[in-house]
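Engineer: Chains as they are written, first to last, in this note's numbering: chain A, 1 to 96; chain B, 1 to 199; chain C, 1 to 629.
Treat the hints with care, since some could be wrong.
As the list claims (entries may be wrong) - Simulated coverage check for chain A against chain C, where a stretch passes if three residues somewhere in it have a Cβ under 8 Å from a Cβ of chain C:
#	segment
1	17-24
2	74-81
What the hints assert, rightly or not - Using 25 Å as the maximum straight-line C-alpha spacing, the simulated DMTMM-like pairs for lysine to aspartate or glutamate come out as follows:
#	chain 1	residue 1	chain 2	residue 2
3	A	Lys65	B	Glu33
4	C	Lys341	C	Glu622
5	A	Lys69	B	Asp168
No wet-lab data here; the hints were simulated from the structure. Glycine included, every Cβ here is placed at the ideal spot set by N, Cα and C.
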Amino acid sequence: MATRTGHAHPTTRTYWLVALVLAVITAVEIAVPYLAALDPVRVPLLLLLGGAKFLIVVAVFMHLKYDLKSYRFYFAIGLAGTFVVFAVVLASFQAF
Amino acid sequence: MAIDAVVDQPLEDPSAAIHRTRKTAMWAFLGSEVFFFGSMISTFLLYRNTTLDGPGAEIFNIPFTSASSFVLLMSSLTMVLADHAFGNGDQRQGRIWLVGTALLGTTFLAGQIFEFTEFVHAGLTIRSSPFGSSFYMLTGFHGAHVAVGVLLLSMLVFFSLRGRYDPDQGMNVELVALYWHFVDIVWIVIFTVVYLLQI
Amino acid sequence: MAVATTTAPTASTSGLWSWITTVDHKRIGIMYAVSAFVFFLVGGTEALLIRLQLATPNGTLLSADAYNQLFTMHGLTMVFAVIMPIAAAYQNYFVPLQIGARDVAFPRLNAFAFWLFLFSALFLYSSFVVGGAPDGAWVGYAPLSTQLKEFIRMDYYAIGAQLLGVASLAGSVNFIATIFTMRAPGMTLLRMPVFTWMTVVTSFLLLLSLPVIGVGLWQILFDRNFGTLFYAAQAQGDPLLWQHLFWIFGHPEVYVLILPAMGIVSEILPVFSRKPLFGYAFVVFSGIAIGFLGFGVWAHHMFTAGLGPVAEAGFGLATMLIAIPTGVKIFNWIGTTWGGKLRLTTAMLFSLGFIAMFVIGGLSGVTHSIVPADTQQHDSYYIVAHFHYVLFGGAVFGYMAGIYYWFPKWTGRFLDEKLGKVQFWITFVGFNLTFAPMHILGLDGMPRRTYRYPEGLGFEFWNLLATIGSFLIALGVLLLLINLVKSYRKGAPAPADPWDGRTLEWTTSSPPPVHNFDEIPVVHHVDDFWYRKYGVDEEGRAVRVPEVTGGTVEVEVGGEDHGEAGHDIHMPSPSYFPIIAAAGVVVIGAGLTFSSTPLVGFTLLGLGVIVTLWGLMGWAGEPITKEAH
Numbered sequence: 001m002a003t004r005t006g007h008a009h010p011t012t013r014t015y016w017l018v019a020l021v022l023a024v025i026t027a028v029e030i031a032v033p034y035l036a037a038l039d040p041v042r043v044p045l046l047l048l049l050g051g052a053k054f055l056i057v058v059a060v061f062m063h064l065k066y067d068l069k070s071y072r073f074y075f076a077i078g079l080a081g082t083f084v085v086f087a088v089v090l091a092s093f094q095a096f
Numbered sequence: 001m002a003i004d005a006v007v008d009q010p011l012e013d014p015s016a017a018i019h020r021t022r023k024t025a026m027w028a029f030l031g032s033e034v035f036f037f038g039s040m041i042s043t044f045l046l047y048r049n050t051t052l053d054g055p056g057a058e059i060f061n062i063p064f065t066s067a068s069s070f071v072l073l074m075s076s077l078t079m080v081l082a083d084h085a086f087g088n089g090d091q092r093q094g095r096i097w098l099v100g101t102a103l104l105g106t107t108f109l110a111g112q113i114f115e116f117t118e119f120v121h122a123g124l125t126i127r128s129s130p131f132g133s134s135f136y137m138l139t140g141f142h143g144a145h146v147a148v149g150v151l152l153l154s155m156l157v158f159f160s161l162r163g164r165y166d167p168d169q170g171m172n173v174e175l176v177a178l179y180w181h182f183v184d185i186v187w188i189v190i191f192t193v194v195y196l197l198q199i
Numbered sequence: 001m002a003v004a005t006t007t008a009p010t011a012s013t014s015g016l017w018s019w020i021t022t023v024d025h026k027r028i029g030i031m032y033a034v035s036a037f038v039f040f041l042v043g044g045t046e047a048l049l050i051r052l053q054l055a056t057p058n059g060t061l062l063s064a065d066a067y068n069q070l071f072t073m074h075g076l077t078m079v080f081a082v083i084m085p086i087a088a089a090y091q092n093y094f095v096p097l098q099i100g101a102r103d104v105a106f107p108r109l110n111a112f113a114f115w116l117f118l119f120s121a122l123f124l125y126s127s128f129v130v131g132g133a134p135d136g137a138w139v140g141y142a143p144l145s146t147q148l149k150e151f152i153r154m155d156y157y158a159i160g161a162q163l164l165g166v167a168s169l170a171g172s173v174n175f176i177a178t179i180f181t182m183r184a185p186g187m188t189l190l191r192m193p194v195f196t197w198m199t200v201v202t203s204f205l206l207l208l209s210l211p212v213i214g215v216g217l218w219q220i221l222f223d224r225n226f227g228t229l230f231y232a233a234q235a236q237g238d239p240l241l242w243q244h245l246f247w248i249f250g251h252p253e254v255y256v257l258i259l260p261a262m263g264i265v266s267e268i269l270p271v272f273s274r275k276p277l278f279g280y281a282f283v284v285f286s287g288i289a290i291g292f293l294g295f296g297v298w299a300h301h302m303f304t305a306g307l308g309p310v311a312e313a314g315f316g317l318a319t320m321l322i323a324i325p326t327g328v329k330i331f332n333w334i335g336t337t338w339g340g341k342l343r344l345t346t347a348m349l350f351s352l353g354f355i356a357m358f359v360i361g362g363l364s365g366v367t368h369s370i371v372p373a374d375t376q377q378h379d380s381y382y383i384v385a386h387f388h389y390v391l392f393g394g395a396v397f398g399y400m401a402g403i404y405y406w407f408p409k410w411t412g413r414f415l416d417e418k419l420g421k422v423q424f425w426i427t428f429v430g431f432n433l434t435f436a437p438m439h440i441l442g443l444d445g446m447p448r449r450t451y452r453y454p455e456g457l458g459f460e461f462w463n464l465l466a467t468i469g470s471f472l473i474a475l476g477v478l479l480l481l482i483n484l485v486k487s488y489r490k491g492a493p494a495p496a497d498p499w500d501g502r503t504l505e506w507t508t509s510s511p512p513p514v515h516n517f518d519e520i521p522v523v524h525h526v527d528d529f530w531y532r533k534y535g536v537d538e539e540g541r542a543v544r545v546p547e548v549t550g551g552t553v554e555v556e557v558g559g560e561d562h563g564e565a566g567h568d569i570h571m572p573s574p575s576y577f578p579i580i581a582a583a584g585v586v587v588i589g590a591g592l593t594f595s596s597t598p599l600v601g602f603t604l605l606g607l608g609v610i611v612t613l614w615g616l617m618g619w620a621g622e623p624i625t626k627e628a629h
């Protein structure tokens with residue numbers, strides 16, 4: 001095993017590029033509410049952009065893309081569980 | 001089965017084994033934290049319209065919060081660079097990035113204090129409405145997580161300066177980094193769901 | 001814990017200080033067990049008082065206020081301070097032994113979790129001397145729990161349960177890391193003992209459900225002390241949210257209580273039937289299925305709250321589904337004993353009792369999934385009967401089986417079997433006498449959580465019967481206590497493998513050495529130890545491998561971390577930082593109850609934060625294994 005964690009990690013260059021991408025997405029996010037033309041798709045678009053940032057940070061900065069698959073399992077079970085359970089709770093309150 | 005991927009890596013080098021154990025624990029803990037924040041975000045969503053006669057989401061200052069969100073987002077970059085430097089054994093450079101991360105985190109906290117003060121002056125308090133209660137609880141607990149993160153970063157810098165940093169110890173840049181990034185992604189969700197979607 | 005070089009463990013091994021600073025999973029397990037047993041006696045006494053009050057109509061022993069405190073504390077104690085810690089005791093002691101590890105992944109975190117549990121439970125009990133114990137039931141329904149702010153009782157509930165949850169969370173993270181990364185070579189997931197598997201499932205359940213109630217408990221605390229409006233219906237807060245948050249935790253929690261007992265029974269039945277567990281994989285996957293489904297049925301506790309027909313139908317169906325994996329397990333246990341060469345030891349009797357009682361409790365549970373029926377049963381004694389059949393007849397019987405099964409490993413001595421069998425039958429009869437009548441009482445309309453009932457409703461006879469039964473249970477518990485004390489002092493000495501066991505804990509001495517195993521074993525099968533002792537002849541019968549005599553089996557050695565000498569093992573050093581950190585956390589909690597006198601509150605908070613930080617800083621800066629220079 002080559003490195004401490006046994007997996008090849010990206011270079012600093014990749015990290016800077018990813019940060020740039022994140023910055024651009026954030027800029028778009030902030031612009032969306034001000035663009036009246038996007039109003040019909042505002043909610044799904046913002047969720048999509050937020051989700052993209054979330055996944056990029058988890059995959060690259062938290063190394064989930066490169067690390068053991070089991071780590072994904074622990075995190076994904078929390079994410080999926082939270083999502084399903086609280087979707088049901090909010091639905092039962094007719095909160096949507 | 002996903003869990004079967006975990007099995008059998010016998011006779012690996014002890015240092016790698018310790019790292020695997022620690023990261024497993026950290027990821028499991030983060031899975032738990034997802035439920036913690038999920039509960040509070042759901043509470044907020046349930047109460048998002050219960051502003052009584054007080055102020056609601058219209059008092060949010062999106063440009064300001066965008067700026068502080070950006071600060072926290074970039075602290076993830078400095079954190080990953082610190083982790084990278086420590087991974088390469090360059091503690092001197094790593095410390096610089098750690099201090100940078102802690103400063104960005106502190107900036108975010110300062111922004112949050114400013115924001116809370118503004119909102120309280122505008123009439124939004126924990127007692128003004130369920131909206132206020134759930135907003136402050138969610139963002140407050142997130143802020144507490146950032147504060148703990150800043151404390152952990154400071155401890156890392158301290159241990160490293162004293163020459164007592166040992167990657168095989170529990171106080172470990174890689175683990176703190178995971179925690180820090182997690183706090184960042186929680187804010188990504190909060191920024192989208194609580195701020196951008198409510199205005 | 002890996003790192004191999006110089007010395008054998010040299011930590012002092014006796015005296016109070018050695019227990020306070022211990023990080024040995026076996027000692028921590030024993031401390032969990034002793035604490036749980038003491039709280040069992042306390043919670044049992046509370047139950048006896050409740051039963052005395054209800055023995056006759058218009059009982060006068062207790063005031064309504066005292067009664068409310070007692071049933072609330074009985075519930076909280078039995079769930080958080082008895083069953084969870086006794087499960088933690090077995091898990092701490094036996095999971096590392098069963099997977100061939102030298103300790104848990106984080107020995108100091110383990111010690112921290114224990115001390116936090118103990119201090120939090122004592123904190124909860126300290127409420128009795130400062131204005132009364134929590135009195136809003138263990139479910140703490142809002143707005144009952146958020147009103148009456150002049151009494152601080154429910155603050156103790158909100159903080160005590162919160163801290164107990166944190167302790168439990170620390171434990172479950174520890175077990176997940178231990179089981180997934182520290183198994184002996186060759187021990188794949190599907191070669192793990194069932195008890196270890198059930199520990200995996202309960203750890204995940206706790207990991208994912210505790211944060212939910214954590215949020216709810218904070219909300220209750222904030223509503224009571226800082227004027228938030230989470231559950232204030234007059235201000236558009238919704239008390240129903242608490243019910244959701246509580247039961248999203250509360251339902252997985254009941255599986256947390258029962259699954260380790262199922263694991264224990266799944267260990268005991270094969271040993272005393274001299275047969276492998278019937279359908280090992282089915283038992284394991286049923287346990288996992290129960291865990292998953294357990295997260296999807298919480299609202300069946302809320303059928304009378306008005307969720308609407310869609311939610312009620314959905315949750316009713318999901319509840320029925322849980323009967324399938326549970327039924328699979330029951331059939332597998334019966335299949336295990338079928339045609340086996342049974343030895344009816346006390347452990348086996350309790351295991352068989354477990355199956356029978358759990359079937360009854362499970363069946364009455366299925367009746368709750370029928371929504372119209374449930375609305376009749378809701379908050380009646382029928383519910384009390386149901387959950388005592390699964391939690392006492394189920395869980396507690398399982399844990400008692402575990403005591404008789406594993407006591408020889410803990411102490412190197414057998415418990416008295418004759419006394420044990422007497423205890424089993426007295427407990428068994430007393431249990432059924434206590435709780436079977438409650439089915440009838442409930443269906444006749446007797447509500448739970450009411451401190452007296454009038455004459456002439458037909459409740460007298462069954463209540464008296466239940467009270468008599470409860471004293472029989474108490475007699476049984478007393479016999480167990482006598483047996484424990486007596487056998488600990490002068491029980492018959494037990495060898496390493498007293499029951500002809502199947503799992504790795506029986507390969508090491510009784511009690512095991514600090515480092516558990518001189519050599520880490522290599523595993524080739526489920527029930528690996530059995531296959532080292534027995535081969536199979538042409539007709540499929542087990543035949544003792546000739547050159548081997550019990551207990552001193554040749555163990556294949558794996559791993560290189562033992563040094564050339566083979567015995568140079570480094571165990572983690574004792575540490576007093578975990579107990580300091582745990583004490584600090586509880587002082588912070590205590591500070592939160594003083595919102596009416598901020599000066600005291602802030603003093604305690606500040607003190608608690610300082611002590612906690614001291615503990616954590618010392619902990620982080622201290623090497624795991626101190627070199628013995």
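Engineer: Now tell me if each hint is right for this structure.
Structural biologist: Here is how each hint holds up against the structure:
no.	hint	result
1	17-24	violated (count 0)
2	74-81	holds (count 4)
3	Lys65/A with Glu33/B	holds (20 Å)
4	Lys341/C with Glu622/C	violated (53 Å)
5	Lys69/A with Asp168/B	holds (22 Å)
Consistency note: the structure conflicts with the earlier hints numbered 1 and 4.
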